[in-house]
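A.B. asks: Using the hints provided, position chain B relative to the given structure of chain A.
Each chain, written out:
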Amino acid sequence: MRARGNGGVPLPLLVPAALAVAFLVLPLAGLVVRAPWSTIGPQLAQQEVGQALRLSLLSATLATGVSLLLGVPLAWVLARSRIRGRSVLRALVTVPLVLPPVVGGVALFLVIGRTGILGRPLYEHLGVTVPFTTAAVVIAETFVAMPFLVISVEGALRAADARFEDAAATLGADRWTTFRRVTLPLVAPGIAAGAVLCWARALGEFGATITFAGNFPGTTQTMPLAVYLALQRDPEAAIVLSLVLLAVSLGTLLLLRDRWLGRGPGQGVAA
Amino acid sequence: MRKTRALFALAVVGVLGLTACGGPASGTAAGTSSSSSAGDLSGTLTVFAAASLTDVFGDLGDQLMTGNPGLEVQLNFAGSSALATQLTQGAPADVFAAANEEQMAVVTDADLQAADPAVFTRNALEIAVPKGNPGGVTGLADFADPDLTVAVCAADVPCGAAAAAVFADAGVTAQPDTEEEDVKAALTKVQLGEVDAALVYATDVQAAGDDVEGIPFPEAEQEVNDYPICVLEAAPNPEAARAFVDLVRSDAGQRALTDAGFRAP
Chain A
283 MRARGNGGVP
293 LPLLVPAALA
303 VAFLVLPLAG
313 LVVRAPWSTI
323 GPQLAQQEVG
333 QALRLSLLSA
343 TLATGVSLLL
353 GVPLAWVLAR
363 SRIRGRSVLR
373 ALVTVPLVLP
383 PVVGGVALFL
393 VIGRTGILGR
403 PLYEHLGVTV
413 PFTTAAVVIA
423 ETFVAMPFLV
433 ISVEGALRAA
443 DARFEDAAAT
453 LGADRWTTFR
463 RVTLPLVAPG
473 IAAGAVLCWA
483 RALGEFGATI
493 TFAGNFPGTT
503 QTMPLAVYLA
513 LQRDPEAAIV
523 LSLVLLAVSL
533 GTLLLLRDRW
543 LGRGPGQGVA
553 A
Chain B
12 MRKTRALFAL
22 AVVGVLGLTA
32 CGGPASGTAA
42 GTSSSSSAGD
52 LSGTLTVFAA
62 ASLTDVFGDL
72 GDQLMTGNPG
82 LEVQLNFAGS
92 SALATQLTQG
102 APADVFAAAN
112 EEQMAVVTDA
122 DLQAADPAVF
132 TRNALEIAVP
142 KGNPGGVTGL
152 ADFADPDLTV
162 AVCAADVPCG
172 AAAAAVFADA
182 GVTAQPDTEE
192 EDVKAALTKV
202 QLGEVDAALV
212 YATDVQAAGD
222 DVEGIPFPEA
232 EQEVNDYPIC
242 VLEAAPNPEA
252 ARAFVDLVRS
262 DAGQRALTDA
272 GFRAP
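Listed in order, the protein sequences are those of chains A and B. Note that our numbering numbers the first sequence so that position 250 is 532, with each residue one more than the last. Note that our numbering numbers the second sequence so that position 214 is 225, with each residue one more than the last.
Hints were generated in silico from the structure; no laboratory data involved. Incorrect hints may have been included.
Said to hold, decoys possible - Non-contacting residues of chain A with respect to chain B, defined by C-beta distances greater than 10 Å in every case (computed):
| # | residue |
| --- | --- |
| 1 | 317 |
| 2 | 455 |
| 3 | 466 |
| 4 | 467 |
Stated by the list, open to error - Per label pair, the in silico range of CB-to-CB distance:
| # | chain 1 | residue 1 | chain 2 | residue 2 | range |
| --- | --- | --- | --- | --- | --- |
| 5 | A | 516 | B | 150 | 29 to 39 Å |
| 6 | B | 150 | A | 515 | 24 to 34 Å |
| 7 | B | 227 | A | 408 | 47 to 57 Å |
Unchecked claim - Calculated Cβ distances over 10 Å to all of chain B for the following chain A residues:
| # | residue |
| --- | --- |
| 8 | 296 |
| 9 | 321 |
| 10 | 325 |
| 11 | 364 |
| 12 | 395 |
| 13 | 445 |
| 14 | 460 |
| 15 | 462 |
Virtual Cβ for every residue (Gly too), placed ideally from N, Cα, C.
If we strip away everything but chain A, and leave its shape as in the complex, we get (with noise of 0.2 Å):
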């Protein structure tokens, strides 16, 4: 562990870790590189940029609310409860993972789309269609960024020592206070950083949603959206675009690290 000018990194490891640092920068620094920086200005003062950018933080945001109340208690779940066919169930609730997004939103479609199981009746009795909505950008981003989060989260539970847990039974506490006064800060790092990874997969979203939600500037269309049909155009404002959503990504996971996260890489949490 001697520090030889290196930062005290084993050759061995620092060699492919240089490049994976390479080959995850060098695309981004590819964009700054060829974004037309004469005309960035009146291209972000166009509408739609403003709109897109708007709302996928709306979109991206609301998907993350929804997938920590739903997915911070699956999570608990998967981690501490002795049901039957807990792996089968984690399996089926990771599929999103490994479903290729367009895929999820013809899936979505078929569910609570206007012909389908549940969308047909909300339909016909209530004259309710999801799709084509931004409460469909919400769903379809929930759909493919919740397990992320769950993931995430039922590893921070795994993590976390269940001897607190134990402590808090044997003074009287029941299950859901334990895990309301010691599960949760114990593993609220876990859940930030969770809620980190599903917000940036949300904000990145493409497939699932213009499939389900379709693509109309102002309700629908996102900035991953703004940028696919802005290449078929002009890819110099495809570049711009993304630089956008890198910079308004970067600058809010940055934010949110100082302020959630900064306390070091030790779990150092006070029950």
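C.D. replies: Leaving out everything else, chain B in the frame of chain A:
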């Protein structure tokens, strides 16, 4: 949907390619009218074609492979504008067939063509409605009805450009619920019954079969798309590329196109 379709097409082409190479007898199996080539083409032929050409070019590609057991035809179908962008970014292809002249111009402006493009077919718009026409759509004016759920193509792709033109001709202010990224995506929404109507090509309505009904409208005649095709300058397989273009423009190719609902150039 488009990507999976393209991958599926590639897989099918790949399998067909393998079977074509498989037996010595396969060359004569079909005995079809691939008259344009003597069966000595080989290597891989890559064709970038507008999404609306999916079925016809798939068949023509199979025909060319049947006549040339050493040849593998790879077809890449997508919105013409996405393909044009890929080509200007250096995607390796032998042939480009676009759904309008604007997108071909993107490629010719970048001087990527080996010879001047030629218009090989034409296509008009038609209103597609789900089976039974649940929205009671009768014509172009229904696209302005806010109570109906309707889809058009985004203005950046050829079918969207044509749609904008027919709406302007007809004096209809369309109120679409979604602007789809290519014509097949718009058609999918009709097939799933999620929209009451979409503006697509007449050929798409025909290809969709029984799930979809078509409603022709008079304004479509004023905005018929010309489809140009060309061999690309950087074609890795120029010989096969020329053979494919010849096949498309031959009597057999034109017959396949008109059978699918396209119009003679």
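A.B. asks: For each hint given before, does the structure comply? Return the numbers of the non-compliant ones in rising order.
C.D. replies: Those not satisfied are hints 7, 12.
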